[in-house]
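Work the whole structure out from these sequences, hints included.
If you read the sequences in order, they're chains A and B.
To get our numbering, take the position in the first sequence, counting from 1, and add 114.
To get our numbering, take the position in the second sequence, counting from 1, and add 114.
The reader is advised that the hints may include incorrect statements.
Pairs involving identical chains hold if they fit within one copy or between any two copies, as the list cannot separate such chains.
List time: in silico EDC-like cross-link candidates among lysine to aspartate or glutamate, alpha-carbon distance up to 20 Å [to be verified]: (1) Lys-726 <-> Glu-531; (2) Lys-577 <-> Asp-513; (3) Lys-743 <-> Glu-679; (4) Lys-726 <-> Glu-679; (5) Lys-743 <-> Glu-725; (6) Lys-577 <-> Glu-679; (7) Lys-808 <-> Asp-398.
No lab work stands behind these hints, which were simulated from the structure alone.
Quantities reported herein were computed from a predicted structural model and do not represent experimental measurements.
Protein chains: 2
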Amino acid sequence: MTTTVRPDQTVTPSAATPPSPGATRTDVGEHIDVEALGKLLDGRWWELRRAARDLSLDPELQKIEGLPVAEHRERVLAQARLLAERGVVHRAYPASVGGQEDPGGNLASFEELAVADPSLQIKGGVQWGLFGSAILHLGNAEHHQRWLPGVLDLSVPGAFAMTEIGHGSDVAAIATTATYDEATEEFVIHTPITAARKEFLGNAALHGVAAVVFAQLITRGVNHGVHAFYVPIREKSGSGLRYLPGVDGSDDGLKGGLNGVDNGRLWFDHVRVPRTNLLNRYGDVAPDGTYSSPIDSPGRRFFTMLGTLVQGRVSLSGSAVSVSKMALAIAITYGSQRRQFTGADETSEVVLLDYQQHQRRLLPLLARTVAANLAHHELLDRFDGVFSGEHDTDDDRQDLETLAAAAKPLTTWLALETLQEAREACGGAGYMAENRLVGLRQDMDVYVTFEGDNNVLLQLVGKRLLTDYGKEMAKIDIAGAARYVAARAADMTLHRTPLRRAAQSVLDSGSRARSAGHLREADTQRELLEDRVEAMVAEIAGALRPARNASPVEAAALFNAHQHELIEAARAHGELLQWEAFTAALPKVRDPRTREVLTTLRDLYGLTMIEKNLAWYLMNGRISAQRAKTVTSYVDRLLVRLRPHAVDLVTAFGYRPEHLRATIATGVEAERQDEARAYFRRRRAAGQEPVNEKILHANQQKSGMAEPDEDD
Amino acid sequence: MTTTVRPDQTVTPSAATPPSPGATRTDVGEHIDVEALGKLLDGRWWELRRAARDLSLDPELQKIEGLPVAEHRERVLAQARLLAERGVVHRAYPASVGGQEDPGGNLASFEELAVADPSLQIKGGVQWGLFGSAILHLGNAEHHQRWLPGVLDLSVPGAFAMTEIGHGSDVAAIATTATYDEATEEFVIHTPITAARKEFLGNAALHGVAAVVFAQLITRGVNHGVHAFYVPIREKSGSGLRYLPGVDGSDDGLKGGLNGVDNGRLWFDHVRVPRTNLLNRYGDVAPDGTYSSPIDSPGRRFFTMLGTLVQGRVSLSGSAVSVSKMALAIAITYGSQRRQFTGADETSEVVLLDYQQHQRRLLPLLARTVAANLAHHELLDRFDGVFSGEHDTDDDRQDLETLAAAAKPLTTWLALETLQEAREACGGAGYMAENRLVGLRQDMDVYVTFEGDNNVLLQLVGKRLLTDYGKEMAKIDIAGAARYVAARAADMTLHRTPLRRAAQSVLDSGSRARSAGHLREADTQRELLEDRVEAMVAEIAGALRPARNASPVEAAALFNAHQHELIEAARAHGELLQWEAFTAALPKVRDPRTREVLTTLRDLYGLTMIEKNLAWYLMNGRISAQRAKTVTSYVDRLLVRLRPHAVDLVTAFGYRPEHLRATIATGVEAERQDEARAYFRRRRAAGQEPVNEKILHANQQKSGMAEPDEDD
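Structure representation (structure tokens):
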């Protein structure tokens, strides 16, 4: 298993593509530093990441497309056992249970499991990322000693029983109850209604023998809100498993993808567990039924408990970036070899990637993927800071949650968009399972709605932006606007709060973009992107002000009338964070040519984001109609400049053909094209090629023998 | 089998949804005329369409999700045999072979087969729409008598061997050859290179015993271009089939969807067929090898031959509309029942469809789907006119091809977008195969690249727009601008050429939209949409003018630099056609309330198209910044107005739960919600509900017993 990128083995370097009409190729041959760029894109934990990627070189761990559901599930369980045996799943856990206490490295490695099979990633995510993490973060040291060994070696496959049929994203409203019985010192876990059945749980349909069940904790007639309980659900029965008394469930059956994970439902009929099965870090019940918690506020307690599980969102976001990179590596490799329709010279056909439309389809996605990649490093750093304990204040945790809530929607939607555009850009070949794009898309589809629905997450981010805006405005009222702005300008670190310049836009509305300043200057792009977020938030805050004095019904209606805007503001905020991460990474690139190409790619990201929202910039006077017209032509020029480097850029992603396992990314298309061109060249040279009737017509016309052939 | 829409059986009527915060519900209860609207949307051949839809009520014809590929293929073959037995596949064929010569009715009926299983539709499309149609349209009466009976009764399953691995959309460049041998009066069909292997052919992997093979016809040393040949490929061997000598092939295996169709490759090693196996309607070879054709120009001949196969594009477009309707029926039914997060009153949760973002996600797609539905009727009418012989001039055929090339990209992309948004709007439930959305999306995915890649088709439309623009400009030069404009204004029928007002925009640039005129007036919307197409085409034409005097290489580069714009112009043209079809249909609605709701839906379509391209309108001075800001708030108001009618509108689509076969569209969600609310009501009434800790805190605070709970 090697961890070195070998660009020579990966894809045809762009220099091998002969010049063809329609593309400026002046700089072909000036290769970028693929090795250094690859390391930058693989980030702080690049060695772990590459080792995890190379795990997928083992055929035992690879997805077999089209396997029947039952076989796929058993294969993935066996693969998960292999992972446990190889000790690659312990990394985030405490040393006391054999772990390495390396939360960041663990996620970096986990994210790359999607290369082997996204089902394996999610099966592992359920076991070690959700079930195990809940015990780790919500339980006490005794719980760790008692249950984590079985979690880690997979002798106790477990379900994470949070979601209910009736409540997806709204966890606080779940209806399963855990009622404390002082007489027996037990909790009674109960599912009172159909809507309270636990749903979509991995490991529930077949393999789970225990579950962490989230339920409303009721003791002494008071509901203390959602808490987590360790509940055994199955026992051995002959060679198989059967439900324990009071537990029942059903199988979700076939899904749109991820069919290696055995999702199912679970429900409970007055199932009793000992009092000590309450994972009691944030809330405990004494033998006599007295409730206690280190966090007084039930609301804050709830969000603190859920917050410990943020790693799901962080790692799904990282996986989505990895899969986007794979999709682009496949489509850009194929697009640099495939030819279609003859060009100006009539003897050879044009390479797909030389068509402007093909560049328009793929290169902005390449820019977004690199932006998302670099932004993910910052998210992962922040995650590691909190979970390693290095930066673990309440504020750090809240910022991390907001960043994850902003990142995951953008990256998971990006993955779907990239996979689909890649699949279409490869035509019919893209639809064949052997070329991986359709299978990956099927698997990734659910990433946009699980671990927090993307729209719900963006709304969370939007609410945070509004809260921060409110606080900033309050500060201005107290300290005076001028001093405030000066203070903010000095505070441009990466660890500032999500809404950075908050109220400044009220005072200073983007003079640079309206002036003659150049759209390709980083400061112009930053100003435009920042200004939009800030102005949108300020506008929504203003529109919502009457809600303070309104009835709850009116206030809810007013908020609802601005829900779409709020979600768009959150999206804009997430895009700004990606742009900033991209820009912050540029000075790290030493080779000037590589930095230049990467800066062009950053410009493409910035300008396509501005282009997408051009109407907003025009309506709000941030950009003149004259300048706006230049945005698209700038973008077109950037595409031409980036085209010669497209193959190098995806080579730097470090997914070699043996990782991609897509027939069309192996070079077969180039071989076929070469064979075809050699054949026709030979035929022409030997005079074996029949005369084309069109040419015959043209010659006859010249000598007056035929009618003019006007429709050709 | 009934063909009547029974709205009572379909989905919960909107009146049953109780009012909830955030939505204006003043007009709830004023139902639209679902029956009449249903008939309008089912169009001219509504009876055939409904009968075909009801075919899917037979479990034998229904798709079983997750069937292994081999079983699915055999099931679909058996289903196709059932269709043949029931005589529903003959409709388009001549009376001489048992047909009814009803091309429009045939397609209307064929389009609805996607309800049963899109694989069945495509299997049928290969057999009767491509293989059979090629014999019908490219062959002579003797060919019809000899081969069509076997095609129709499916005793001769056939492949349509046009596409090659090396050439997808560029059919003119295929490399398979059919060389005439005078000595034996045979054609020699040959695959000279790997890239010339026929690829992605339905019926090729398993079931096909013959194929219509497209190849370069070479006789007497001259290549006369692509022609079609009837070529037997397999013979019986024991209980199975084996390749005939010289024929070989391979199986494409698993695909992203449509796995009931046995796609594969075919190639030929000097396979000999009699001279009379040339489908010779547009080009023939005499025994002595002399070539003749009723069409002199090889280019026109090629496009005439391919043009006979336009029905594939027309019917795929219609199917895509049907599937979009199914997806919306599922998601809107579920969205009108599903509740998530408590509203202002704290005791009941808000129905998803009352959230603004949910409306934003689904209702514009509903408007686009109805627009596409009504536009499809016009396309189908035009198709019927040409193929019934009623309006069958060269111009009619060219217009039909341009219309189909504009329609198919828009509708097939709409279907994918709608299926995906519907799937996400249904959350995890949308990802379950039992709810159909993921399976339909997998099947429909390939519709955007087969039967003409969507981007290639839009480029074709763009080129036609440029050609028409050139002709119009030439007319102006001759006849004088003023007289021309007057003449065009009078020529506003539905059968005008694709680019209707062509050069008028040069003379008159949209005064209404800039003036105080209302954006909701139909004339304003029309002017804005038309003006954009025309101005874009004029601008591209202007930019391409230097190509006339440029070298071929420079001309190709110049064209390529405007490829993206040209494709966008074609898309805008397609959207305009849909808007016009929607508007033209409004007077046909008799019930005033229904017409009002449908007009609001048309406005939503028009305004969301304008909103999408707002930057263009602003940059080009068609709309002021002030007016542009009102577009989004107009859209928001339309959503609120349409919300109460959303369920009625999808009921009018006529897909009942037994057509949809999606668990979440059967009312189970409403049952679960009702059960849950009744349970909590009962508990509250009986005083069994535990006190919520939050409320306890609030009470303690009031009496000064606890710290303020600031974070709730």
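Hints, one by one, checked against the model:
1. For a Cα distance limit of 20 Å, the shortest separation of Lys-726 from Glu-531 qualifies both inside one copy, at 15 Å, and across copies, at 18 Å.
2. Proximity of Lys-577 and Asp-513 under a CA criterion of 20 Å is satisfied intra-copy only: 13 Å inside one chain copy versus 52 Å between copies.
3. For the homomeric pair Lys-743 and Glu-679, the shortest alpha-carbon distance between copies (13 Å) is at most 20 Å, but the shortest distance inside one copy (25 Å) is not.
4. Both within a single protomer and between protomers do Lys-726 and Glu-679 lie at most 20 Å apart by alpha-carbon distance, with minima of 15 Å and 15 Å respectively.
5. With identical chains, the CA atoms of Lys-743 and Glu-725 are at most 20 Å apart both within one copy (10 Å) and between copies (17 Å).
6. Taking identical chains as interchangeable, the C-alpha atoms of Lys-577 and Glu-679 lie at most 20 Å apart only when both belong to the same chain, with a minimum of 11 Å there against 38 Å between chains.
7. When the C-alpha separation of Lys-808 and Asp-398 is checked against a cutoff of 20 Å, the pair qualifies only between copies, where the shortest distance is 17 Å, while the shortest distance within a copy is 87 Å.
When held up to the earlier numbered hints, the structure conflicts with none and fits them all.
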